[in-house]
Amino acid sequence: MRDLSLHLLDLAQNSVKAGASLVTIRLTVEESGWLTLVLADDGCGMDEALLARVKSPFATTRTTRKVGLGIPMMLENAQRAGGNLTIESQVGRGTSLTVTYDMRNIDSLPLGDLAGTMLSLILANPDRPDFLFEGKSPAGEANFDTRQVRQVLGGVSLAEPAVVAWMKEALEETINPIFGGV
Amino acid sequence: MKTLADLEAIRAKALENMGMRREDAGSARVVVGMATCGIAAGARPVMLAFVEELKRRGLEHVSVSQTGCAGMCRLEPMVDVMLPGQEKVTYVKVTPEMVGRIVAEHIVNGRPVEEYTIGAAQ
Numbered sequence: 001m002r003d004l005s006l007h008l009l010d011l012a013q014n015s016v017k018a019g020a021s022l023v024t025i026r027l028t029v030e031e032s033g034w035l036t037l038v039l040a041d042d043g044c045g046m047d048e049a050l051l052a053r054v055k056s057p058f059a060t061t062r063t064t065r066k067v068g069l070g071i072p073m074m075l076e077n078a079q080r081a082g083g084n085l086t087i088e089s090q091v092g093r094g095t096s097l098t099v100t101y102d103m104r105n106i107d108s109l110p111l112g113d114l115a116g117t118m119l120s121l122i123l124a125n126p127d128r129p130d131f132l133f134e135g136k137s138p139a140g141e142a143n144f145d146t147r148q149v150r151q152v153l154g155g156v157s158l159a160e161p162a163v164v165a166w167m168k169e170a171l172e173e174t175i176n177p178i179f180g181g182v
Numbered sequence: 001m002k003t004l005a006d007l008e009a010i011r012a013k014a015l016e017n018m019g020m021r022r023e024d025a026g027s028a029r030v031v032v033g034m035a036t037c038g039i040a041a042g043a044r045p046v047m048l049a050f051v052e053e054l055k056r057r058g059l060e061h062v063s064v065s066q067t068g069c070a071g072m073c074r075l076e077p078m079v080d081v082m083l084p085g086q087e088k089v090t091y092v093k094v095t096p097e098m099v100g101r102i103v104a105e106h107i108v109n110g111r112p113v114e115e116y117t118i119g120a121a122q
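Respectively, the protein sequence lines represent chains A and B. Heads up, the first sequence is in my numbering, so the first residue is 1 and it goes up one at a time. Heads up, the second sequence is in my numbering, so the first residue is 1 and it goes up one at a time.
For the record, the hints were derived by calculation from the structure and aren't laboratory data. Treat the hints with care, since some could be wrong.
Cross-link-like lysine-lysine pairs, in silico, DSSO-like; alpha carbons within 27 Å at most [stated by the list, open to error]:
hint, chain 1, residue 1, chain 2, residue 2
1, B, Lys-88, B, Lys-55
2, B, Lys-55, B, Lys-93
3, B, Lys-2, B, Lys-13
4, B, Lys-88, B, Lys-2
5, B, Lys-93, A, Lys-17
6, B, Lys-93, A, Lys-66
7, B, Lys-88, A, Lys-17
8, B, Lys-13, B, Lys-55
9, A, Lys-136, B, Lys-2
10, A, Lys-136, A, Lys-66
Computed from a prediction, not measured in an experiment: that's the story for all the values here.
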């Protein structure tokens with residue numbers, strides 16, 4: 001994975017698979033360059049046995065293959081930049097994954113196209129779940145909540161082309177000034 | 001600046017159009033592989049390019065969705081195009097630059113772009 005936004009796109013799919021109704025993405029970049037990404041869902045959660053081995057590349061819930069590389073690759077990239085990846089989970093309650101690393105570290109991942117990741121997530125899952133993005137950097141705050149969009153739209157789908165076009169611009173306008181959009 | 005008021009207008013228009021749009025059971029589908037392997041190989045810009053190109057051509061009946069890993073990670077990004085009454089066509093190692101041709105030749109004109117398909121790659 002070339003940047004954090006691609007990891008986020010990948011890992012958020014785990015929340016979708018876990019049957020979440022709300023996926024919360026909280027990204028904070030501090031003045032010091034320290035980055036914290038929290039990906040929290042209200043999905044099915046993991047039991048202690050799965051939680052204990054979930055950072056291994058040989059842990060996966062799928063039955064077709066024996067490898068699952070999403071979490072281990074993110075962990076490796078975080079550790080390479082002086083950070084870490086931690087996961088908390090409760091069966092029936094949901095899972096919260098936290099990534100931290102130092103953006104001043106020469107080996108740190110760039111943020112990437114966060115707006116593109118959010119749009120892809122929504123497009124790929126237009127009916128469920130809802131996505132909440134809460135971003136904060138020294139440049140300001142960026143919030144986007146599909147529940148708000150859904151409320152205004154009534155029964156109209158988020159996959160409606162005009163809605164997609166609106167969300168694309170709204171996401172770019174909201175997120176890019178705060179996180180650079182690169 | 002995009003506001004929720006704009007969205008309200010979009011909603012009104014969408015509801016208006018809904019009556020006009022025929023609900024054809026077999027509408028076209030574009031499915032992009034978006035597992036870890038697909039994403040790492042560049043599936044996100046490909047998916048967004050399809051959305052952009054379909055919107056540009058006003059092909060509102062074509063849906064874009066995602067799927068997981070098909071087990072051929074070395075051929076990602078992979079895209080399935082399904083047209084009503086035709087067999088599924090799988091494109092491999094798709095880049096955003098290839099999307100224009102796939103939409104024009106296959107989705108619009110019904111002729112798959114053979115050189116991009118999995119058959120040509122193997």
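Right, here's what the structure says about each hint:
no.	hint	result
1	B:Lys-88 with B:Lys-55	22 Å, holds
2	B:Lys-55 with B:Lys-93	23 Å, holds
3	B:Lys-2 with B:Lys-13	17 Å, holds
4	B:Lys-88 with B:Lys-2	38 Å, violated
5	B:Lys-93 with A:Lys-17	25 Å, holds
6	B:Lys-93 with A:Lys-66	24 Å, holds
7	B:Lys-88 with A:Lys-17	25 Å, holds
8	B:Lys-13 with B:Lys-55	16 Å, holds
9	A:Lys-136 with B:Lys-2	20 Å, holds
10	A:Lys-136 with A:Lys-66	37 Å, violated
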